[in-house]
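There are 2 protein chains.
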Amino acid sequence: MNLSHWFTEEVAATGTAFSLKITQKLHEEHSDFQHLEIYDTQTFGKLMTIDGCTMVSTRDNFFYHEMMSHPALFLHPNPKRVWIIGGGDCGTLREVLKHPNVEQVVQIDIDERVTRLAEVYFPELCESNKDPRAQLKFIDGIKWVKDALPNSVDLIIVDSTDPVGPAEGLFGERFYRDCVACLSDDGLLVQQSESALLHLKLIGEMREAMKKSGFSHLQTLFFPQCIYPSGWWSATIASKAALTFRQQDCEAKTFDTLYYNADIHHAATAQPEFFKKAFA
Amino acid sequence: MNLSHWFTEEVAATGTAFSLKITQKLHEEHSDFQHLEIYDTQTFGKLMTIDGCTMVSTRDNFFYHEMMSHPALFLHPNPKRVWIIGGGDCGTLREVLKHPNVEQVVQIDIDERVTRLAEVYFPELCESNKDPRAQLKFIDGIKWVKDALPNSVDLIIVDSTDPVGPAEGLFGERFYRDCVACLSDDGLLVQQSESALLHLKLIGEMREAMKKSGFSHLQTLFFPQCIYPSGWWSATIASKAALTFRQQDCEAKTFDTLYYNADIHHAATAQPEFFKKAFA
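Sequence lines, in order, name chains A and B. For the first sequence, position 142 matches number 137 in the working numbering, and the numbering has no gaps at all. For the second sequence, position 221 matches number 216 in the working numbering, and the numbering has no gaps at all.
In case anyone wonders, no lab produced these hints; they're calculated from the structure. Hints should not be assumed to be uniformly reliable.
Treat identical chains as interchangeable: a pair holds within one or across any two.
Distance condition first, Cα-Cα at most 35 Å in a straight line; then the derived DSBU-like pairs of lysine-lysine [claimed, not checked]:
#1 132 <-> 271
#2 207 <-> 20
#3 125 <-> 207
#4 20 <-> 75
#5 248 <-> 20
#6 93 <-> 271
#7 272 <-> 20
#8 20 <-> 206
#9 20 <-> 235
#10 141 <-> 20
#11 207 <-> 272
#12 206 <-> 248
#13 207 <-> 93
#14 75 <-> 125
#15 271 <-> 125
#16 75 <-> 271
#17 271 <-> 248
#18 125 <-> 272
Fair warning: this is a prediction, and the values are worked out from it, not measured in the lab.
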C-alpha cells in the first residue's frame, strides 16, 4: 500500500496496526505535553492523533463519548456535579451536558491545545462548551483531584489517553484514593480501560487498584470503537455503593444518541466468558 | 512501518486497513476458487487469508465461531439437523457439535483446500471433524440448498466470505427462497452480515431480501471481531416463526466457550440507536 496516503497507528506491544486513508494533513504541532496532528480522511471525517495514536474521528467518536458518559450518569441516582479529567476534545462534555439534572461540569485537561484544535476541526464536539454549566480548566487533573474537598463531586469521568506519558498517573492507586476521598457517598468514577482482548492484564491491575482504594463495586462496560486497537474498547465504573440503573429515566431521555440506549446499557455490562473467568 | 513484517488488509471502499505483525509466511497457493495464504503472526497465532482478506486467526476466531453457532442453536427449540454453507476452517462445525441434541451437521464448502489447510494450521478448529455426526462436502452450497427437499434442515449457517466472488450468490433473494423452502417450520438461517459501521447499506439490502423471501422474523446480532474491518461484526438471524431463546438450556450448557454465555446472547441482540432508526 502507498503509505503516503494512509495514517497508520502501529502498536508494537500488541502486534497490530490500524490505518485510515487520508486526503491531507491539516495541522501538526508539538504542544507543551504531546505531539498533535489533524488529518482529513477519506471516509472517517477528521482525525486527531496524539503522539501517533488515533484519538478521535468525526465518524466513530460517538461510541466512545456516549459510553463514557450516559451509562455512569444513569447509574447515579441524581448526578449534579461532574468532573471530566482529560476529555480535551470536548465530546464527553457535550454528552454529559445533555442531562438536564447535571448542574456543573468541570473539564480538566492538562493540554489546552487539544481543546483549541477541537474547536477548529471538531466544532460539533465543542457545541456545548459555552453552556453556563461548563467550566474548562487547563491544569493537572491529578493535582485537581488531590486538592479537592470531601464530597465535592458526584461523578468523575477519566477520559484520558493510554497509561503512558501524561496519563500514567491516572491509572494508579494513589489517584483512585484521591477520587474516593472527594466523591459523594453515592458517587462514581468511570475510566476508559483499553481493550479486553489486548490489555486484559492492565484491566486486571486497574480493577485491583480501584478495589484497594476503597471502591467496593466495579463494572466493566464493553463497546465497539473502530479506531482504537482491536476495535473493541472498554470503560470501568467504580463506586463505593451499589448502584441501580435508572432504566425508566434512560428510556424517557429527551436527547438523541447514536449508539446508547437502555438495551445497549444492559448489553455493555454483559461479561464475556473469558473475562468472567479472569476476574472471578 | 516496515511492510515486509506486516500482513495488511487494505479495504479501498471503507478507507480502512488492519495489519498484524507477521513472523513468517507459512503457505501460499491458488486453489481452484481463491488465493489462500497462511502466516505466523507475532501475537495472534496463525492467520489464514483468502484473496487478501483476513479470514481466521488463532487468537480471535472464537468470537465469530461462537456467535455464528450458539445464539441460533439456543433459539431453535430442538435443532437436530444443521447445515453450514462455507465454514471451511471447521471452527463453526466444532462449536455446533458441542450441542448434544444436534444429530447431523453437513458442512458444504466449495473449496476443499480451505479445510485441508485448516487441518494443518488450525488443528484445534478441526478437532471435531471426525465426529460421526459430521459430514464434510466440497461442493457448491447454493446448488446444495436449491436441490434440497422441503423440511430437510433445522438450521442453516451461512459462514461465508464477503459478498464478492464465490460467496456473492449467498447474499441474494434467490438463495434465501431456497433456504425458506428446505427449512422446517421452526427452522432458521444465520448469516454473517459484515460491519454495521461500515456496511449498513449491505445489511439493509440483505434484510430486505430475507423478508421478501418469506422470513418474517429478523434479528441482527453484534459482536467484536478484531481482525475484520472496523473490529465490530454482525450476524443476521432469519426465521419463519417467532423464536424464544432457551435461556435455561443456555445457562445449563455443558460445554465451554470463551465469549458466549446467556448474558452475551442478550447483549448481542441489543440494537444501537442508529441501527434501530435505519431499519425502523
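Hint by hint, work out which the structure violates, then give me just those numbers in ascending order. 1, 2, 3, 4, 5, 8, 9, 10
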